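Trainee: Residues per chain are reported as follows:
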Amino acid sequence: MVFKKSFYTSVLTLALATLSWADPVTTEDISAGGAITRDRQLKEIGEILRGGRGAYFDIGMYYTPAPDQLPLKSVYGEHEGFAFRQHAAAFVSGRLAEHLHLGGLIWVDRSGWDGEDFVIYPSYNSFSLLRSDFTWGGVLTNSEADFSLAVGMHQQNVEHVGKVYEAEEDSLTFLWTHARWGFASAQVSLYQDHWRSMRFSLDLESREIYGGKSSGWQTYLPNVSVGLYNKKEDKDSISLTWEQNLYRQRLYGEVSFDLIEPGFNYAAIKYYPDPSRMLGFEATCTRRRQLGGASDLLWGGAVDLMFIRFAYNAAYDYRNFFGAKGTVLAEIKFSLASLDGLLFGRGGTKAAPMEKNTKTVKNKDQAPEENKTIQLRPEEEKVIEAKGIRYERKNPSRNGR
Amino acid sequence: MKKSFFYLAFSLVLCVGLTGCLSHWFIETTSRLQVENATEDCTVKSVDIFSADSTSYVRWVDEQILPGERSRVVENDWVGNFRIRVNYTRSTDGSGKTLHYVKKMEVEGGSLFLKVESDEDSLSLKFR
Numbered sequence: 001m002v003f004k005k006s007f008y009t010s011v012l013t014l015a016l017a018t019l020s021w022a023d024p025v026t027t028e029d030i031s032a033g034g035a036i037t038r039d040r041q042l043k044e045i046g047e048i049l050r051g052g053r054g055a056y057f058d059i060g061m062y063y064t065p066a067p068d069q070l071p072l073k074s075v076y077g078e079h080e081g082f083a084f085r086q087h088a089a090a091f092v093s094g095r096l097a098e099h100l101h102l103g104g105l106i107w108v109d110r111s112g113w114d115g116e117d118f119v120i121y122p123s124y125n126s127f128s129l130l131r132s133d134f135t136w137g138g139v140l141t142n143s144e145a146d147f148s149l150a151v152g153m154h155q156q157n158v159e160h161v162g163k164v165y166e167a168e169e170d171s172l173t174f175l176w177t178h179a180r181w182g183f184a185s186a187q188v189s190l191y192q193d194h195w196r197s198m199r200f201s202l203d204l205e206s207r208e209i210y211g212g213k214s215s216g217w218q219t220y221l222p223n224v225s226v227g228l229y230n231k232k233e234d235k236d237s238i239s240l241t242w243e244q245n246l247y248r249q250r251l252y253g254e255v256s257f258d259l260i261e262p263g264f265n266y267a268a269i270k271y272y273p274d275p276s277r278m279l280g281f282e283a284t285c286t287r288r289r290q291l292g293g294a295s296d297l298l299w300g301g302a303v304d305l306m307f308i309r310f311a312y313n314a315a316y317d318y319r320n321f322f323g324a325k326g327t328v329l330a331e332i333k334f335s336l337a338s339l340d341g342l343l344f345g346r347g348g349t350k351a352a353p354m355e356k357n358t359k360t361v362k363n364k365d366q367a368p369e370e371n372k373t374i375q376l377r378p379e380e381e382k383v384i385e386a387k388g389i390r391y392e393r394k395n396p397s398r399n400g401r
Numbered sequence: 402m403k404k405s406f407f408y409l410a411f412s413l414v415l416c417v418g419l420t421g422c423l424s425h426w427f428i429e430t431t432s433r434l435q436v437e438n439a440t441e442d443c444t445v446k447s448v449d450i451f452s453a454d455s456t457s458y459v460r461w462v463d464e465q466i467l468p469g470e471r472s473r474v475v476e477n478d479w480v481g482n483f484r485i486r487v488n489y490t491r492s493t494d495g496s497g498k499t500l501h502y503v504k505k506m507e508v509e510g511g512s513l514f515l516k517v518e519s520d521e522d523s524l525s526l527k528f529r
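Protein chains in written order, with this note's numbering: chain A, 1 to 401; chain B, 402 to 529.
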């Protein structure tokens, strides 16, 4: 060991951000990650299937280089290591007949906590948990009736579960279905013969990309979704999420509440410089899960720069990255949705402005004169003879130098 | 513009691909512990990691260490902040009642040398 680890850590801490300090993730959060991942994948699928056709691509991973950035809190203490999440998704569809489209989709997530941060070759130590979730399915869309039906499966595989986690099954298979008619959609996820989660959404906001209005009062209608979760030990929960366009589909507000155990979940103000949502800025306020009867608010935000996203205490990461907080997170990512040759980000309302090849003609009445180019013909080559050598003065105004 | 973008993307992919390799130049993800009993009147029976709620433990060094002796090196996955429990007896041959000494310590990873010392009436632990 050339350098002591403390040296490495101090250099990294200085280099990364002065804000950054360590807040551990707990084994309970890591254990609960599977259900949260499946729910998020379904939510994203719902957003992409708002049109029911087109294509989508997504790839990304969190990059947390320091081993004490997200340590693991187990019953024994704090373990240094790396919480990680890698994700990829793809959706493609093609036309079967007029107004009938068939598509296939797959969402893949690999997440957990490990003692080392090799992407390919994990360390699988006594305190690691590595889990992958696949959600795949087929989609049939009738674009005339504006109806989509998707059916598929979730598959969860556990690569490794350390001693400090609650026991997990090696593999679990869930069935899911998504049905959409116009702006209304419903999703159900089933395990064996009982449901695990349901989501009902009303995406009332008019979106130009799906043939709606580009401006006007219809674009100010809300997007409401209600999620029902059938958890273990009869601790069901219902959460309501309300997304509202505040200004020209660039500024949005979003609020989420839990209904059974009434409580504020999170609120966010989001700003997209362009309605295609390729870039985004958000400020969020999250209610922290209760710790010993006390609950407090977590203020944070995120900047999404298309290829990289920086977040600090953001609501999305708190929920989807094992309650990660107190540290600056970098996510290297890229995602793009496409519909009829137009590109936009997931959840976008308009196509991204694309580079256009336009020619401007200054005087349109006058036809441009053609064949004005000078042609060099070899038979008419002129021979220029040098008849004398003449020196030119460099500065004719300044004589006498 | 396109070229610089390509280089940026390439270096990002390289960084991500090599992230584990890079950090492994600097950090250790296991600890190799050797315990020395530097006391004169105590015998170290074993060394544990003791849970924060004091309800469970995981044995790390399972070896009787007589005064002045050193244990074998035992490698384990403990890197971080933990409570270390030393089980010892007030005798030079390991007989008698087993006593416990618990101390929260930072386990840095890599090769660790834990020295158990005794003052007049108390034990002290030191990583070297």
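Don't read these hints as lab results, they were simulated from the structure.
The structure displayed is predicted, hence computed values, not measured ones.
Fair warning: there could be bad hints in the mix.
Result set (BS3-like, lysine-lysine): computed pairs, CA atoms no more than 25 Å apart in a straight line [as the list claims (entries may be wrong)]:
1) K163/A x K504/B
2) K43/A x K213/A
3) K505/B x K163/A
4) K333/A x K213/A
5) K404/B x K333/A
6) K73/A x K505/B
7) K350/A x K163/A
8) K333/A x K505/B
Label pairs and their computed distance ranges (CB to CB) [unchecked claim]:
9) D236/A x R471/B: 52 to 62 Å
10) K231/A x L467/B: 52 to 62 Å
11) K516/B x F281/A: 36 to 46 Å
12) A167/A x F406/B: 44 to 54 Å
13) I120/A x S512/B: 42 to 52 Å
14) A167/A x V417/B: 45 to 55 Å
15) I238/A x S412/B: 37 to 47 Å
16) S214/A x E507/B: 57 to 67 Å
17) F281/A x D520/B: 32 to 42 Å
18) S492/B x L297/A: 30 to 40 Å
Glycine included, each C-beta is placed from N, C-alpha and C at the ideal position.
Trainee: Each of the hints needs a verdict: does it hold here or not?
Mentor: The hints, checked one at a time:
1. Under the criterion of a C-alpha separation no larger than 25 Å, the hint pairing K163/A with K504/B is consistent with the structure, at around 23 Å.
2. Between K43/A and K213/A the alpha-carbon distance is near 24 Å, which keeps this suggested pair within the 25 Å criterion.
3. Among the hinted pairs, K505/B with K163/A is consistent with the structure: their alpha-carbon atoms are about 21 Å apart, no more than 25 Å.
4. The hinted pair formed by K333/A and K213/A fails the criterion: a straight-line CA distance of about 30 Å is larger than 25 Å.
5. With a C-alpha separation of about 20 Å, the suggested pairing of K404/B with K333/A holds against the 25 Å cut-off.
6. For the hint linking K73/A to K505/B, the alpha-carbon distance of about 15 Å falls within 25 Å, and the restraint holds.
7. At roughly 49 Å between alpha-carbon atoms, K350/A and K163/A are farther apart than 25 Å, so this suggested pair is violated.
8. With a CA separation close to 39 Å, the supplied pair K333/A and K505/B exceeds the 25 Å bound.
9. A beta carbon spacing of about 57 Å between D236/A and R471/B agrees with the range 52 to 62 Å that was offered as a hint.
10. For the pair K231/A and L467/B, the supplied restraint of 52 to 62 Å holds, since their beta-carbon distance comes to about 54 Å.
11. Evaluation of the 36 to 46 Å hint for K516/B and F281/A yields a failure: the beta carbon distance comes to about 53 Å.
12. Separation of A167/A from F406/B is about 47 Å and conforms to the stated range, judged on CB atoms against 44 to 54 Å.
13. Look at I120/A against S512/B: about 27 Å separates their beta carbons, and that is not inside 42 to 52 Å.
14. For the pair A167/A and V417/B, the beta carbons lie near 32 Å from each other, so the given range of 45 to 55 Å is not met.
15. At about 46 Å, the CB distance of I238/A to S412/B agrees with the hint of 37 to 47 Å.
16. Separation of S214/A from E507/B is about 59 Å and conforms to the stated range, judged on CB atoms against 57 to 67 Å.
17. Separation of F281/A from D520/B is about 59 Å and departs from the stated range, judged on CB atoms against 32 to 42 Å.
18. Under the hint 30 to 40 Å, the C-beta atoms of S492/B and L297/A, about 56 Å apart, miss the expected range.
This entry does not satisfy hints 4, 7, 8, 11, 13, 14, 17 and 18, going by the numbered hints stated previously.
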